[in-house]
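Chains A and B are the protein sequences, given in the same order. Numbering-wise (the working numbering), the first sequence opens with residue 1 and increments by one. Numbering-wise (the working numbering), the second sequence opens with residue 935 and increments by one.
These are computed hints drawn from the structure, not numbers from a lab. Possibly wrong hints are sitting among the right ones.
Claimed, not checked - Output of the computed footprint for chain A on chain B, the stretches with three or more beta carbons under 8 angstroms from beta carbons of chain A:
#1 982-988
#2 1019-1030
#3 1049-1056
To be verified - Computed Cβ-Cβ distance ranges for the label pairs, DEER-style:
#4 B:N1049 x A:V586: 40 to 46 angstroms
#5 A:I612 x B:N1049: 43 to 49 angstroms
#6 A:R239 x B:D974: 25 to 31 angstroms
What the hints assert, rightly or not - In silico negatives: residues of chain A with every beta carbon more than 10 angstroms from chain B:
#7 R466
#8 T496
#9 A502
#10 I503
#11 S510
#12 T536
#13 L581
#14 S583
#15 A838
We put the CB at the ideal spot given by N, CA and C, even for glycine.
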Amino acid sequence: MRLRRALLAFALVGASSLPATAHAHARPDAAAAVRRLPPVSIAGAPRSLVTFSVALPAELEDAGVVQFSVEMRGSTEVLGRLDGEVGGVGRRQVLLTLRVPSDARVGLLDVADVLFRTADGRNVIVPIILRVPSVRVIRVIAPPMFQQLRQGDRLEVTYRVQNLGNAVERVKVIVDPPSGWVLRSSRSTTISVEPFTTQDVTFRVAIPAIADGGEYLVGTTALRAGEGDSTVLATASARLQVEPRELTGPGLELRPFIAAAATRGAQGVATGFSMSGPIADSTSLFLTVMPISTQNGGAGLGLAGIGAAGVPVQASITGRGWNTNLGTTSASISDLTGLYVVGVGAQASYNRDGREARLLVSKPFGADDRGGSHLAGGYWMRTAYGKVGGSISSLRETDMGRTLRDLTAVGVDWQSNEWKSWVFDAGVAARSAFGESGLGVRGQVMRETERDFVRVRYAHAPGGGRAFANGTNNIEAEASRDLTDRLSLNGNLFATQDESPAIGDNRNFSASLAQQFRLNDVTLLRAQVQSFSFSTRPPGALLGAFGSSQTTFGVGAGYPLRNWTMTSDARIGVLSREAELFSGAVDKQSVLQQELEVSGSRGVLGVAQLSIGGTLSLTGAGLGIPQQSRNGFVSLGGIRVPMGAERSIALFGRVGYSSSELQTSLISSLVSASTRLPGGFDLIATVERNPFFRDREGRPQVIAALRLSTSTTVFVPQRLQRVAGVVFEDMNGNGKRDEGERGVPGVVLRQAGIRLVTEADGVYRVPANVRGRLSVDPLGLPSGFVASPRATQNLAEIRDIPLVQTGTLRVSLALAADADGRVPDVVLSRTSVWLVDAEGLEWVGRVGDDNVVHFENVPTGRYGFRFDFSRLSEPLRPEEGVLVEVAPRTVREVTVTLRGRNVRLIAPPNRNEGGRGNGRGGAGGRGGLGGVSE
Amino acid sequence: MCSVLLLGACELGSPDRDAANVRGTWAFTGSQTAPDIDLDGTFVISTQDGQSIAGTATWEETGVGGIVIVGGALAGRAIGQVDVDFDVTLAAGTRRFVARLAADTMSGAWVQVSNSTNGTFRAVRSTP
């Protein structure tokens, strides 16, 4: 195009020089007699044609016939007759047309000079200036939809800011993530965008772990910077599809099972069931009844491994803000009045509207002949001064009539309201433990911001860990800071001293400092210094004190390696141990210890996940632990073997290896398979060989286990009754299910946290209280189908969802010559093309460099076209009335012819410059208007 | 290998030479404090080279959450005729057992630093 313009300019200059040869004063700027008048200012927006006239200067009114010529001063094209005569009895003005370039920037442009020459030698120049007004258009384009995101994911959302105007724009871009989402970058950024250019702006967001499944919008707003940031230029939203956290059950589900496990010399059978689901509008039940495994060793292990052994009876009922639990209880009242007391009984909690309460009644857990009771409760409420409340706990534990523990504690608590991200927490309690009374105190200071976290806590609880507490004295300090988006530091320190007649005297200390540097999205470097030590003096005189300490320095990295995601760690440290021997001597050993650990994982053929790992550990002699130990594993999971059209078997396998100079190689292996059987039964089977698990005779276990279960809805609350719908093939596209239109199985439907799959006849069922429109998951559609566009436009809740078949259309764009033989010189790939159906719905095409527009998998039907040539250097004219038919599962190719815009050029009656006339005619043929009016 | 990896794993202490023979299968019971858990399982000490002992350990933990079965490699020392000090490497960390021997019975205490738990145990040799 530039070449063409240059040639044109050359032709024009050459042409204009011809009269200059005939008239000695034709170079106006060089002629002393030239008079220059104020310019004629013309306003014209980019990509417009502006027709205007230049009047014969008044001072030449008396000159009779005046010669004129137009000389270009810039790249703006001037159309029309560029030389000739005016005045006398003819026209007294020159009519011209400007073609304002599409990329004309705001401001003034010198366009041309019109030189008027009289027969008596007077020369007058009228300059023509084009005033290009400011065109300020900012567009923000959101990225394509992010799909299959998970809670906890971090992602970068990049918006494209386009300046379609002709002035430099300073734009402030502000991102607006959904409520509760954490932004990992600045909320706004200001950029400067040159005219007709594009800039990308990236924000980083983190999806909260508690986010519900569904579609979220991350909106962005572009404001004009420097104007109070109040002028909104454009908005756009990125769509994020987050997978459901869990599938919502439609009613109370009963899941009975029967399981069996066998190993050498032992077998076990177990039955049980679980129930879970809603029992009222806002109340749900969870109940498990499982046998206690009486099979020691492998059989019990096998049953536990397939979920057929666990807590004997456990039930909980949860409502809005409250929970009750029957079965095994674990006290969690407060740090000073009730921790770590395990029993069997009932506990309840309430937390709503700023009020919080807990209640516990249980029998301490232990052997059958262990007795006693534990009663505890607390109440806290939110006030203007923070959360205040108190708690009480009383435990009496006996064993064969002998008192093991007799504890009582009464405490009060206060927690401040949040103040500049700080929260203060304190408590005091009167405690009676192991025959002694004392005062327990605790305090905590915590601050948490987007980048910083710090927490320091202290507790003093006479009686220690066996008396409702973490220890007698407990100090914890933790801090972390994201120094930059890539570099973070964290450290912690824990020190505990726990002393009581029941446990003797234990002391633990640990501290670590770690630094993490993220090179990019996939590569991470880290370094850590870590130290811990413990010493213990058990109660009684049987054992002396013993303890150990270790200080380690380690470096590690997470990085990609070909198709693998790898992590590597190397550690070196000193390990020390000491023990007071029976003889009274102290045995103390210190050795160096070094470890190298490498692991990696990758996908295999898109259907399985392969993981490998290994550790090499070198330890000095003296401790008795292996000086050289090697461990490794290989696992392959996620394999799904199809079994017919609707069933498959999921497989998982793992092999582990361990060896040292102290023992022969130990190889463990596990293979598991699970599948759904006809009749709604689920089967899981495992075979494991594990040399670390041995029977009473010390033999390695080979354990086979099998579990058969099913699931059925036993109760559906009235408000949760299911209703049915159907997904069907809408063969005639009318949006309604007509006779003969079949149901489509396997279609995934979603709404909020619910995911449904249509059954073999296309029918699905949904709880009646789930209101609103279900959406068809495009990833869960059978090949060759899309949701009916008619239905997707319908915002009403519909239960029968139509699908339509699709086809592919390829449209070749071809340029054709105008009547005068000229072919437009444009880059066709910049053309935007839409298909328009009978409903007026549009599908955008993907234009390739070969000027072929691809419409893939569009609904079948008849379509017209809509074109946008605004990004081309000149507008085009498509064929009119072109309609195409897209048929199911076919690829259709059509060609659409495009021509230059019609321009009517009227040639002057007395043209004497044939070459020039042809040249102008060519220019006019590109769509301009111009010429000397007759 | 000692020379391959950095400074090498070099002995800094001095082990005793005559140690009790603790090879065999040991049935053990024990307990954990805070929270209360009962332990019931087996030590299999299959290798003894002077002081150094090695084998496996498996036990059931009965407590909150029902029954959990854990196991791992065992390695450590028999120090003289009375003292035993060994580690069991579990998935969740290393658990150190220290005990005194009296004939075919060892009694002692254990500590697992990684989860701040401790307790006592008693093991009786069933097969040598």
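Results for each hint:
Using a Cβ-Cβ cut-off of 8 angstroms, 5 residues of the stretch 982-988 of chain B lie near chain A, which meets the minimum of three, so the contact claim holds. For the stretch 1019-1030 of chain B, the proposed coverage by chain A is satisfied: 4 residues have a C-beta within less than 8 angstroms of a C-beta in that chain, meeting the threshold of three. Taking a C-beta to C-beta cut-off of 8 angstroms, the stretch 1049-1056 of chain B contributes 3 residues in contact with chain A, enough for the three needed, and the coverage statement holds. Taking 40 to 46 angstroms as the suggested C-beta distance range, the pair N1049 of chain B and V586 of chain A does not conform, at roughly 27 angstroms.
At about 28 angstroms, the beta-carbon gap between I612 of chain A and N1049 of chain B misses the expected band of 43 to 49 angstroms. Hint check: R239 of chain A to D974 of chain B, Cβ distance near 55 angstroms, so the stated range 25 to 31 angstroms is violated. At the 10 angstroms boundary, the C-beta of R466 of chain A falls inside the reach of chain B, the nearest C-beta of that chain being 6 angstroms off. At roughly 7 angstroms from the closest C-beta of chain B, the C-beta of T496 of chain A falls inside 10 angstroms, breaking its exclusion from the interface.
With 10 angstroms as the threshold on Cβ separation, the claim that A502 of chain A sits away from chain B is violated: the shortest Cβ distance comes to roughly 7 angstroms. A cut-off of 10 angstroms between C-beta atoms contradicts the statement that I503 of chain A is not in contact with chain B; the least separation is 5 angstroms. S510 of chain A, annotated as away from the interface, has a beta carbon of chain B within 10 angstroms; the closest lies near 8 angstroms. For T536 of chain A, the non-interface assignment is contradicted: its Cβ lies about 5 angstroms from the closest Cβ of chain B, within the 10 angstroms cut-off.
The claim that L581 of chain A is not at the interface with chain B is violated, since a C-beta of that chain comes within 10 angstroms of its own (minimum 5 angstroms). At roughly 7 angstroms, the least C-beta separation between S583 of chain A and chain B is not larger than 10 angstroms, which violates its mark as non-interface. With a least CB separation of 63 angstroms from chain B, A838 of chain A remains clear of the 10 angstroms interface cut-off, as annotated.
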